[in-house]
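Below are the chains, spelled out letter by letter.
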Amino acid sequence: MNEILEIKELTKYYNSLPVLDKISFRAHEGEFISIIGPSGCGKTTLLKTISGLIKPTSGKMEFKDRPAEFAVKKGRFGFVFQDAVLLPWRNVLKNIELPLEILGNANSRKTPKDLLKIVGLEGFENYYPNQLSGGMQQRVAIARALAFRPAVLLMDEPFGALDEITRNHMNLELLRIWQAEKAVTSTIIFITHSIPEAVFLSDKVIVLSKRPARIKEVLDINLPRPRETEIKSSKEYFALVECLRKMLKTE
Amino acid sequence: MLKKNVKNRIKDICTPALFLLGGFFLWEGLAAVLNVPEFLLPKPSKIILEVIAQFSFLLKHLYITMLEALSGYLVAILLSFTLATIFVYSKTMEKGLYPYAIAIKIAPTLAMAPFVILWFGIGLESKIVIVTLICFFPLLVNTVKGLKTVDEEALNLLKSLSASKWQIFLKLRLPSSLPFIFPALKISSTLAITGAFVGEFLAANQGIGYLILLYSRILDTTTALAALFVMILAGILLFSLISLIEKKVVFWQKSEEI
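The listed protein sequences correspond, in order, to chains E and W. Just so we're aligned, residue 1133 is where the first sequence starts under this note's numbering, counting upward by one. Just so we're aligned, residue 512 is where the second sequence starts under this note's numbering, counting upward by one.
Hints were generated in silico from the structure; no laboratory data involved. Ideal Cβ placement from N, Cα and C applies to all residues, glycine included. Among the clues, some could well be false.
Said to hold, decoys possible - Stretch-level coverage of chain E by chain W, calculated; a stretch enters the list once three of its residues show a Cβ under 8 Å from a Cβ in chain W:
| no. | stretch |
| --- | --- |
| 1 | 1177 to 1185 |
| 2 | 1213 to 1227 |
Stated by the list, open to error - FRET-style restraints, in silico, Cβ to Cβ:
| no. | chain 1 | residue 1 | chain 2 | residue 2 | range |
| --- | --- | --- | --- | --- | --- |
| 3 | E | G1172 | W | S751 | 47 to 53 Å |
| 4 | W | Y600 | E | T1361 | 31 to 37 Å |
| 5 | E | Q1263 | W | G632 | 51 to 57 Å |
| 6 | W | L744 | E | G1172 | 55 to 61 Å |
| 7 | W | L752 | E | S1265 | 31 to 37 Å |
Stated by the list, open to error - Here are some, though not all, of the chain E residues that point toward chain W, as calculated from beta-carbon distances under 7 Å:
| no. | residue |
| --- | --- |
| 8 | P1231 |
| 9 | R1299 |
| 10 | M1302 |
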């Protein structure tokens, strides 16, 4: 697998408060990486730094061997927030088109309507965000992030606000969407505080320490793909969940 | 569901109408029973008949008052919006000018009006200036607040797309500010008419304020009240029109009644 993103000793201080402490890892094409850690440890700061929203105090980020800033400007990173962050005055279709209006249509191949089909919202083009459930809103947010065909999708606890049942369903949906879009959006970096979610979705789980966040452990998840709900009753799945639980517990 | 909506609509319209009718008959009856002289308090039926009889005359003066009110209102909207936009992008301008905007608000309009008339004459211009002064502040405060109150994550979303300042203004700040601007537009619409009226009261030779002053001096209370009546009606119409536009434009938010 080709390397797509390299993070080198990323460090962030807020004034004199250390938040990120020499975070280094690599992401490859076709890889699903979860980042897990105690709440308030700096997970969101890490993701926002990667996406260029926050400037690091020191450290380097490279996208395909070039400084990541270029990739940010070209819209190679898609961002999905904890809340759907839809603009209430735009209908579903217009919300999905927002990134295209800003970045220009250069990146897009699929029309927003095709994207709606992929995220399972066909026929909802003209609905407004306040007419949709939380799960549906998050689907729109995912479609919007995919609209400009980013190479890397950064997701900050996107299903954290959803109930358990919806969340499990959205996990499956995310894997299905990723499968459909993999040729374009090959890599996902996903923040979560749910151990089962991290194991179910990922190829690799990065465990962060308490603040300042350091990388404590990296756990490879060698479960076969495509993954369905049944995998959650397998011995391997349980062992990985247990292993991750212990890693987080020793904090 | 739809039926219930229609029912509520009918209730919304009928309840105040019934109260109006009740007040009308109470006033009419009391005036007849107590035999109040007409110059003191005319019967409402008399006032309405006067409105009908003098309609084109009243309309001519109402036109002047509304022209003053609406012109000043528009000037205030443009001014406050421009200034609010500048304030959002320049801390220096905001710090330097905001205190004076407050000063304008603190000085009572009535206290400033004589100077305005001295400088701008007794024509339309002075009324427009007074209306602008009175409408300006609530519009400015709410527009500044509206342009600044932006969902932080939405701002991050646009920044993560490398949106320019202009794009952020157009696609996020401006629509986010509308729920704040419309209540100020509603308040100012009533203030605009007050402003025009104050100006006409001080010095004018036309307009509803001028008529009321003129006819109350010669104790033609019926005509004075008829003039007041058409002005109130026009004010309610303007307010309703803006509320209607608000419902259409800021459809995503449940409007608060003011």
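Hint by hint, here is what the structure shows:
1. 1177 to 1185: holds (count 4)
2. 1213 to 1227: The restraint on the stretch 1213 to 1227 of chain E holds, since 7 of its residues have a Cβ under 8 Å from chain W and three suffice.
3. E:G1172 - W:S751: 47 to 53 Å: Holds, since E:G1172 and W:S751 (Cβ atoms, about 51 Å apart) stay within the stated range.
4. W:Y600 - E:T1361: 31 to 37 Å: Hint violated: Cβ distance 51 Å, outside 31 to 37 Å.
5. E:Q1263 - W:G632: 51 to 57 Å: At roughly 55 Å between Cβ atoms, W:G632 and E:Q1263 fall inside 51 to 57 Å, so the hint holds.
6. W:L744 - E:G1172: 55 to 61 Å: Because 60 Å falls inside the window, the suggested range holds.
7. W:L752 - E:S1265: 31 to 37 Å: Holds: the Cβ-Cβ distance is about 36 Å, inside 31 to 37 Å.
8. P1231: 5 Å, holds
9. R1299: 20 Å, violated
10. M1302: 19 Å, violated
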